[in-house]
Structures are given as C-alpha cells and as structure tokens.
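Chemist: Listed here are the chains, written in short residue letters.
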Amino acid sequence: QQQVKQSPQSLIVQKGGISIINCAYENTAFDYFPWYQQFPGKGPALLIAIRPDVSEKKEGRFTISFNKSAKQFSLHIMDSQPGDSATYFCAAQGGSEKLVFGKGMKLTVNP
Amino acid sequence: GAGVSQTPSNKVTEKGKYVELRCDPISGHTALYWYRQSLGQGPEFLIYFQGTGAADDSGLPNDRFFAVRPEGSVSTLKIQRTERGDSAVYLCASSLTGVTEQYFGPGTRLTVT
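Just so you know, the protein sequences line up as chains A and B, in that order.
Heads up: the first sequence begins at 1 in this note's numbering, then just goes up one per residue.
Heads up: the second sequence begins at 112 in this note's numbering, then just goes up one per residue.
Read the hints as simulated data drawn from the structure, not as lab findings.
Check before you lean on any hint, since a few could be wrong.
[Claimed, not checked] Which chain A residues stay away from chain B? Per the calculated CB distances, all over 12 Å, these: (1) T28; (2) K58; (3) N67; (4) N110.
[Unchecked claim] These stretches of chain A come out as covered by chain B in the derived footprint (C-beta under 8 Å, 3 or more residues): (5) 37 to 48; (6) 92 to 102.
[To be verified] Label pairs and their calculated CB-CB ranges: (7) G183/B x K71/A: 24 to 30 Å; (8) G183/B x R61/A: 35 to 41 Å; (9) A70/A x G127/B: 46 to 52 Å; (10) R133/B x Q14/A: 40 to 46 Å; (11) G183/B x G41/A: 27 to 33 Å; (12) N121/B x A70/A: 28 to 34 Å; (13) L150/B x Y32/A: 25 to 31 Å; (14) I20/A x E131/B: 39 to 45 Å; (15) K126/B x P52/A: 41 to 47 Å.
We put the CB at the ideal spot given by N, CA and C, even for glycine.
Here chain A stands alone, though its shape is the one from the complex:
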C-alpha cells in the first residue's frame, strides 16, 4: 500500500524552464508535507515543507502548492538550473513521527 504517490518518475527540462512534481496522499491524518532533494551518494536534504493551513509556500525558486480537498501537493522549481539535477522526494507525516516518502522523481536539467 503506497500512501504517497509521486509523479512523474523522471523529468527532463531545459535550463531556465519550470519543473513540476506532483504528489497525492490518502491518509487524512497527514499534516506535514516536506520535499527532499537527494544527489547520488548523499542523504536526502530538506528543501521546503508545508502544512495544510496554507495553500502555497515559496522559498526562492521553490514553491509548494497544496490542495487539501484533492489531497494533492506539488513542487514547482522556477528557472531550473543544471545544479538542480537530482532526485526529488515528497513525503508526509501525521499521526506518528515517521515520514512516509514517495518513490522519487529524477530531474535532469539540460544546459
């Protein structure tokens, strides 16, 4: 049972473009939704997070959009750069301390 579904599995964008990653969840107890960035051979690094009381959160080039009624949230990366090439994971937490992760999306930004 996959509690957090992430799409697409991979994405290729040109430098300067917008990268969009989507996630959907089922468990209504979830109340914290972080995004992690992972480079090969490294651990996941916290990028940005949101709680359901707001519909959008922006930090620099990264924006989370949250739709509570649809139980969906997404990450937008504006002005994508080659250095953004990594695997991105959405996650959810609520009702317990553990994070439940999506399967990840490999982003490639071409120069």
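Using the hints, position chain B against chain A.
Modeler: Frame of chain A, contents of chain B only:
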C-alpha cells in the same frame, strides 16, 4: 554545526554475518530515526527513538533487526544473519523534540554478498 554522521559509509558483508551501523545525530537532537532506502525507491521508516527509548519500531522488517541508543545520542542499528535482501542504503535522521524537520545523514550502503 556538524550534521548527522554515519559510519561506515560502505559495508560489504557475507550472507549470514552480523553487522552494526552507527549514527551520530546532530548535537542536541533528542529524536533519532532510521530509514532504509532500496535502489530507485524512497526511504522507508524502520525505527524512531525519543531519547534512549524506541518510541516506534513498527518499521523493523523482522527480529533480525534491532537498534539501540543507550545514552540518548549515538545509535547503532544491528542486523543479524544478514540476507541478500538486506542490501540497501541505511539512512539515519535526527530532529529536535516537537519539531517536525528531520535532517538526514549520508547513509551507509550495505551490500550482502
């Protein structure tokens, strides 16, 4: 300050052997988590410590897996009678009590031959 550190970075062991993986959390972080990440997958929760006690071990796959945190800081994940299916990257994370942000270490890549 220093982040979460994990040792060793890589561990190769033979099927049936015993292994120990170590995690040093961020100084002052009372909560510690272990996750396992298989190739091409997201991390999967194993166990959560609050201080010295295991508050949630619901993710441990079977009784071959055990973890301790005797002094509320460093934690060791112990795997007995390793199997090839145990091969994965084992990640440790820590957080402040009452704060949801979890910070991950670089992981230990375990290969069981």
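Chemist: Hint by hint, say whether it matches the structure.
Modeler: Against the structure, the hints come out as follows:
no., hint, in the structure
1, T28, "17 Å, holds"
2, K58, "18 Å, holds"
3, N67, "20 Å, holds"
4, N110, "22 Å, holds"
5, 37 to 48, "holds (count 6)"
6, 92 to 102, "holds (count 8)"
7, G183/B x K71/A: 24 to 30 Å, "37 Å, violated"
8, G183/B x R61/A: 35 to 41 Å, "38 Å, holds"
9, A70/A x G127/B: 46 to 52 Å, "48 Å, holds"
10, R133/B x Q14/A: 40 to 46 Å, "43 Å, holds"
11, G183/B x G41/A: 27 to 33 Å, "29 Å, holds"
12, N121/B x A70/A: 28 to 34 Å, "42 Å, violated"
13, L150/B x Y32/A: 25 to 31 Å, "27 Å, holds"
14, I20/A x E131/B: 39 to 45 Å, "42 Å, holds"
15, K126/B x P52/A: 41 to 47 Å, "45 Å, holds"
Consistency with the previously given hints fails for numbers 7 and 12, ordered from lowest to highest.
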